[in-house]
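*Asks:* One-letter residues, chain by chain:
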Amino acid sequence: MIPTSEQLCAAVPGAVIEIVPSTPAAAQPAMLVDREHLVAVARYLKNEPSCQLDFCSCVTGVDYLAKGFIEIVYHLYSVALKHGPVVLKVRAPRELNQCHVPSLTTVWRGCEFQEREAFDLYGVKFDGHPDLRRILMWNEFTDHPMRKDYVPPADYEWEPTPHDEVLKRTKAAGGIMPPSAAVEVKK
Amino acid sequence: MNYPGKGLVEGLAVTARNFVGSYFYKDRLTTVQYPEERIQTPENSRTFPFLVFDESPDKPRCTACKICEVECPPKCIYIVMDRDDKGKPLQRPKAFDIDISVCMQCQICVEVCPFESIKMDNDYEKSKYGRFNDLVQRLPDLLKSNDYYRQIKPVKAAEVDAKLKAEAEAKAAKKAAAVAAAAAKAAATPPAGSAT
Amino acid sequence: MIDEGLKSELQKQGVFVVSTEWLYNWGRKSSIWPLQFGLACCAIEMIAAAAARYDLARFGAEVFRATPRQADLMIVAGTVTKKMAPQVVRLFNQMPEPKYVIAMGACAISGGPFKDGYNVLKGVDRYIPVDVHIPGCPPRPEALLHAIITLQEKITGQHIDQTRWYDATATTEFPIPVCGEHDLLPAANPEVWQPPKDYRDVTNEESTKKS
Amino acid sequence: MIAAPSTIPAGGAITTQLLEISIGPQHPSTHGVFRMDVVLDGEVVRALKPVVGYLHRNHEQLAEKMSWLGSMPYTDRLDYFNSMSNNWAYALAVEKLAGIKVPERAEYIRVIMAELSRLQNHASAIGFLLQDCGAWGTPLLYAFKEREKILDFFETVSGSRMMCNYFRFGGVRVDLNDEMLAMARKIVAEFPKFLDEFEKLMTTNEVVLARCQRVGILPKELAIAGSISGPVARASGVEYDIRKVDKYGVYGQLEFGVPVGAVGDVYDRYYIRVLEMRESVKILQQVLRDIPAGPVQAVEVKLRGFKIPAGDGYGRVEGAKGELGFYLVSEGGPKPYRYHIRPPSFINLTVLEDMCVGHKVADAIIILGSIDIVLGEVDR
Numbered sequence: 003m004i005p006t007s008e009q010l011c012a013a014v015p016g017a018v019i020e021i022v023p024s025t026p027a028a029a030q031p032a033m034l035v036d037r038e039h040l041v042a043v044a045r046y047l048k049n050e051p052s053c054q055l056d057f058c059s060c061v062t063g064v065d066y067l068a069k070g071f072i073e074i075v076y077h078l079y080s081v082a083l084k085h086g087p088v089v090l091k092v093r094a095p096r097e098l099n100q101c102h103v104p105s106l107t108t109v110w111r112g113c114e115f116q117e118r119e120a121f122d123l124y125g126v127k128f129d130g131h132p133d134l135r136r137i138l139m140w141n142e143f144t145d146h147p148m149r150k151d152y153v154p155p156a157d158y159e160w161e162p163t164p165h166d167e168v169l170k171r172t173k174a175a176g177g178i179m180p181p182s183a184a185v186e187v188k189k
Numbered sequence: 224m225n226y227p228g229k230g231l232v233e234g235l236a237v238t239a240r241n242f243v244g245s246y247f248y249k250d251r252l253t254t255v256q257y258p259e260e261r262i263q264t265p266e267n268s269r270t271f272p273f274l275v276f277d278e279s280p281d282k283p284r285c286t287a288c289k290i291c292e293v294e295c296p297p298k299c300i301y302i303v304m305d306r307d308d309k310g311k312p313l314q315r316p317k318a319f320d321i322d323i324s325v326c327m328q329c330q331i332c333v334e335v336c337p338f339e340s341i342k343m344d345n346d347y348e349k350s351k352y353g354r355f356n357d358l359v360q361r362l363p364d365l366l367k368s369n370d371y372y373r374q375i376k377p378v379k380a381a382e383v384d385a386k387l388k389a390e391a392e393a394k395a396a397k398k399a400a401a402v403a404a405a406a407a408k409a410a411a412t413p414p415a416g417s418a419t
Numbered sequence: 002m003i004d005e006g007l008k009s010e011l012q013k014q015g016v017f018v019v020s021t022e023w024l025y026n027w028g029r030k031s032s033i034w035p036l037q038f039g040l041a042c043c044a045i046e047m048i049a050a051a052a053a054r055y056d057l058a059r060f061g062a063e064v065f066r067a068t069p070r071q072a073d074l075m076i077v078a079g080t081v082t083k084k085m086a087p088q089v090v091r092l093f094n095q096m097p098e099p100k101y102v103i104a105m106g107a108c109a110i111s112g113g114p115f116k117d118g119y120n121v122l123k124g125v126d127r128y129i130p131v132d133v134h135i136p137g138c139p140p141r142p143e144a145l146l147h148a149i150i151t152l153q154e155k156i157t158g159q160h161i162d163q164t165r166w167y168d169a170t171a172t173t174e175f176p177i178p179v180c181g182e183h184d185l186l187p188a189a190n191p192e193v194w195q196p197p198k199d200y201r202d203v204t205n206e207e208s209t210k211k212s
Numbered sequence: 615m616i617a618a619p620s621t622i623p624a625g626g627a628i629t630t631q632l633l634e635i636s637i638g639p640q641h642p643s644t645h646g647v648f649r650m651d652v653v654l655d656g657e658v659v660r661a662l663k664p665v666v667g668y669l670h671r672n673h674e675q676l677a678e679k680m681s682w683l684g685s686m687p688y689t690d691r692l693d694y695f696n697s698m699s700n701n702w703a704y705a706l707a708v709e710k711l712a713g714i715k716v717p718e719r720a721e722y723i724r725v726i727m728a729e730l731s732r733l734q735n736h737a738s739a740i741g742f743l744l745q746d747c748g749a750w751g752t753p754l755l756y757a758f759k760e761r762e763k764i765l766d767f768f769e770t771v772s773g774s775r776m777m778c779n780y781f782r783f784g785g786v787r788v789d790l791n792d793e794m795l796a797m798a799r800k801i802v803a804e805f806p807k808f809l810d811e812f813e814k815l816m817t818t819n820e821v822v823l824a825r826c827q828r829v830g831i832l833p834k835e836l837a838i839a840g841s842i843s844g845p846v847a848r849a850s851g852v853e854y855d856i857r858k859v860d861k862y863g864v865y866g867q868l869e870f871g872v873p874v875g876a877v878g879d880v881y882d883r884y885y886i887r888v889l890e891m892r893e894s895v896k897i898l899q900q901v902l903r904d905i906p907a908g909p910v911q912a913v914e915v916k917l918r919g920f921k922i923p924a925g926d927g928y929g930r931v932e933g934a935k936g937e938l939g940f941y942l943v944s945e946g947g948p949k950p951y952r953y954h955i956r957p958p959s960f961i962n963l964t965v966l967e968d969m970c971v972g973h974k975v976a977d978a979i980i981i982l983g984s985i986d987i988v989l990g991e992v993d994r
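Chains as they are written, first to last, in our numbering: chain A, 3 to 189; chain B, 224 to 419; chain C, 2 to 212; chain D, 615 to 994.
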C-alpha cells in the first residue's frame with residue numbers, strides 16, 4: 003500500500019513533502035522531499051512493513067536550467083509486496099559548490115553506481131557516498147557534460163551534411179562544408 | 224546408468240552427430256560461400272537510401288521539400304533546392320547529398336517522405352578505400368529508376384505505384400470537376416448578363 | 002614481365018610462373034590474422050561473420066589473435082569514444098608492421114549516428130591510417146567479407162619497394178593522445194588526419210558528364 | 615589503492631605482495647570494452663573495481679536534441695542483442711506518458727518479437743559464458759546458428775537483422791503477413807529440438823559443473839538491496855518478473871512460469887536462462903496460436919510533430935538482461951526535455967565485486983560472463 007504524504011509527514015517529524023504531478027496519463031505523482039529529511043523518509047519507506055519499498059529501481063538527475071535547480075528522482079518498488087512505483091524527488095541548486103544531496107547508498111546498495119553517474123554527468127555531490135568518483139567520463143575530465151549549458155569542444159573540420167547547431171559550429175571552426183551551406187539563409 | 228564423464232561423452236556425441244550429419248542433412252550445413260553463392264536477402268531488407276525517378280534522371284519524384292533532412296536522426300541528408308535564373312524555386316533538388324558514413328539505415332526518411340521519392344536499397348557491397356568524397360553519395364549516385372525499385376522490392380513497388388496512380392487520378396478528377404464547375408458557372412452567368 | 006599468353010599456356014601444363022612480389026603478397030593476403038578487438042554492435046556482426054554461416058575461415062581470417070603482437074589486421078568494429086582512443090592507438094602501435102586497419106561501421110568511420118556526442122571520436126582516422134572503410138550501421142557480415150576481399154585486392158596491388166615497413170623514413174609510432182581536462186590532446190594527428198581543402202561539389206560539373 | 619602486503623610470519627616463509635592489474639578494456643573475455651581493476655593475492659581476487667565508460671556514446675544527450683521518434687532507432691543500439699525489447703521499453707514509456715491505446719494485434723506482435731529476441735539473447739549469452747569457461751567456440755557456434763534463423767525473421771519483418779527500428783508509438787510499423795507468421799511458427803517449432811541438443815552439450819558436462827557450481831554466489835538479500843533484476847536476480851531466489859508484476863501488453867492473459875533459482879551461483883544463472891528459454895517458447899506457442907486480426911497501429915499518433923503533454927513518467931519492460939526502464943520528462947514540445955535509461959546491465963555490475971572477492975581470476979571472468987552485460991547498455 004503506497005503511503006500518502008500525510009502519513010509520511012506524521013512518520014518523519016519535520017519532513018516537508020510536496021506532491022509533484024506527472025503527465026495526466028502516466029498518473030505517477032512524485033513526492034518532493036527536502037534535503038535534510040531525505041534519508042529519514044527513505045529509511046521509513048524501506049523498513050515500514052506496510053510499504054516495504056526494498057527495490058530502488060532508478061536514480062536520475064535532471065537539470066532544470068530555467069528554474070535554477072537540479073532534481074534527483076528516485077523510483078522505488080517493492081519486491082515483497084509487488085507494488086510501486088513510489089517516486090521521490092529532491093532538488094539542489096545548480097551552483098557547483100552548493101549542489102549536494104544526501105546519498106541513499108546506505109539505504110539501498112543499488113544506488114551506488116547510479117549516484118556516481120549523476121555526480122559525473124550533472125555535478126551533484128552525494129554526501130556520505132562510499133566511493134564518489136567519475137564513472138562514465140575519464141578521471142581528468144573537469145566538466146559535467148549533461149548540464150544544459152555545457153558546450154562540447156569544436157571538432158568540425160569535415161562536415162558534408164551540416165545542419166542548424168552543427169552548421170553554426172562548422173562555420174565558427176572554419177571547417178570544410180558544401181559552399182551552398184556556408185551561405186545558407188534561414189527560411 | 225551413470226559413469227564418470229557421462230556428460231562429456233554425451234556432449235561429444237552431439238558434436239559427432241552434427242559433424243557426420245552435415246554430410247547428409249542439408250540443414251546442418253549452414254555455411255554460405257559468400258562471393259560465389261549469396262543469400263537472397265528478403266524484400267524488406269534495407270541498407271542505404273536512394274532516390275526514385277520515373278521517366279528520366281533529371282525529373283526525380285523528389286521536390287526538395289527537406290522533410291527527410293529535418294527528420295533524419297543523425298542528420299546525414301543535405302538538400303539544396305534548384306532555382307532558375309530568376310530565383311523562382313523549381314520543385315527539384317539541385318544537390319541531394321547523403322553521407323553514408325553517418326547514415327544509420329533507420330529508414331525514417333522513407334516513412335516521412337510524402338512524395339514516395341526516397342526508398343531503401345539492399346545493396347551492401349559499399350566498402351571503399353577513400354573516406355572523404357567516396358562516402359558522400361550525391362544526386363547522380365542516388366538517382367535510380369522506378370524499374371530498379373520494382374525489381375528489388377516488387378510488392379512494395381506495386382503498392383507505391385498503385386497509390387501514386389490513385390492520387391494522380393484523384394487530382395485529375397478534381398481538376399476536371401473544377402474545370403466543369405468553372406464552365407458551369409461561366410455558362411450560368413451569360414444568360415443573367417443578357418437578361419438585363 | 003612474361004606475356005600473358007605464354008603464362009596461361011604454361012599454366013595449362015601445371016607450371017606456374019609468378020613474381021616473388023606476387024608470391025609475397027599472396028602469402029600475406031591469404032592469412033590476415035585480425036586482432037580480437039570488438040567495441041560495440043559491429044563487433045557482434047564481426048562475430049557473426051566468424052561464425053558458421055558467413056564463415057570468415059574461408060578467407061584465412063578466422064584466427065582472432067587476442068594479443069596485438071600476433072595480429073596483422075585491426076578491425077575497428079564499433080564506436081571509438083574519446084576515453085577509448087588512447088587504447089586504440091596504443092594497440093595499433095603494438096601491432097607488428099605489415100598491419101592494416103578496417104574501419105567497420107559508420108561509428109568507426111565518422112562517429113556515425115553518435116557524431117554529436119561529447120565523448121565520441123568523429124572517426125578513428127583522426128589518429129591512425131585506415132585502409133578500408135565499411136559504411137553501414139551495422140554492416141552485414143557479407144559486407145565485412147566484401148571488405149576483406151577489397152583489402153586482399155589492395156594487398157596484391159602493393160609493391161615491395163614502396164611499402165611502409167621497408168621505408169626507413171615512414172612513421173611507425175603514431176603519437177598516443179592524452180585525455181585532457183576538456184578533450185583529447187591533441188584533437189587529431191595532423192599527419193594522418195588530412196581533410197580535403199575544398200568541398201568537391203559534384204552536382205554541377207560532373208552531373209552532366211557521367212564519369 | 616593497495617592494501618597492506620600480506621606478510622607470512624618469519625621462519626623461512628617468503629613475503630608476498632598484492633598485485634594490482636586491470637583486465638580490459640581490450641580483453642577477449644570482457645564482452646566488449648569493460649575494465650576491471652583487480653587486486654590479486656597470487657590467483658585469489660582481493661578487490662575488484664569495475665571501470666566503465668569506454669562506450670559512453672551520449673545517447674541521452676543526443677535524444678534531447680531529437681524528436682520523440684528520432685530516438686527510436688537509437689534504442690536499437692542500447693542492448694544490441696535485443697533491439698526489439700529496447701524499442702518496446704521506449705514505446706511503452708512514451709505510451710504511458712501520452713496515454714496512447716495500442717490495438718490488440720499489435721500487442722500480440724510485440725510479444726512475439728520480444729520473446730524471440732529473448733530466445734536468441736539467452737542462447738548467445740550461454741554461448742559466451744561457455745566460451746569464457748574455455749569451451750572454445752562450440753556452444754557459441756551452435757547458438758549463433760539458431761540466432762541466424764531468428765535474425766532472418768527480424769530482417770524479413772523489419773528490414774534489418776540487429777537494428778530493427780520496428781516499434782512505433784501506438785503499435786508496430788509493419789504487419790505480419792501469413793508468410794512471416796509461418797516463418798515464426800517454424801522457428802518456434804524447431805527451437806525445443808535445438809534446446810535439447812544445446813542442453814545435452816552442457817548441462818551435465820563435468821567441466822561445466824566443476825567450474826560453475828558454488829562459484830560467485832549472490833545471496834537473495836544482496837540481490838534485492840543491489841537493485842539486481844532479470845535472470846541474475848531470479849537465480850538467487852528473487853521471485854520478481856516484470857511481465858508478471860506489471861502485466862504490460864498481453865502478458866496478463868498468457869500462462870507461463872517464472873523459474874527461480876535456489877543457490878544463486880554461476881550454474882544457477884546458466885540454468886535459469888535455459889528454463890527461461892523454455893518458458894519463452896511456451897509463450898510464443900500461445901501467442902502464435904491465437905493472434906487476432908486487426909490494425910497494427912493506433913490512428914491518432916502523428917508521425918511528424920508528435921507532442922507529449924508536459925510532465926514526467928517512468929515505463930519499464932522485462933528485457934533479456936533485466937528491468938529496462940525509460941524515465942522521460944516532457945515540456946509539451948516535440949523533443950524530450952530529459953531522456954534517461956534505466957540500464958539493467960549497468961546496475962547488475964554493482965555487486966560484481968561482492969561475488970568475485972575470494973575467488974580465483976578465472977572464476978571472476980566466468981562470474982562476469984554469467985551476469986551477461988552488454989556495453990552499449992552499460993555506458994549508454
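None of these hints come from the bench; they were simulated from the model.
Don't take each hint at face value.
To be verified - Computed, partial: chain D to chain A, Cβ under 7 angstroms:
1) Ser-636
2) Trp-750
3) Lys-834
4) Ser-841
5) Arg-956
Source: prediction; values computed, not measured.
Where a beta carbon is used, it is the ideal one built from N, C-alpha and C, also for glycine.
*Asks:* Look at each hint and say if it fits the structure.
*Replies:* Hint check:
1. Ser-636: Hint on D/Ser-636: violated, closest Cβ of chain A at ~13 angstroms, above 7 angstroms.
2. Trp-750: Violated. Min distance 32 angstroms.
3. Lys-834: Violated: closest Cβ of chain A sits about 10 angstroms from D/Lys-834, beyond 7 angstroms.
4. Ser-841: This hint holds: D/Ser-841 lies near chain A, its Cβ roughly 2 angstroms from the closest one there, short of 7 angstroms.
5. Arg-956: Holds - the Cβ of D/Arg-956 comes within 7 angstroms of chain A, reaching about 4 angstroms at its closest.
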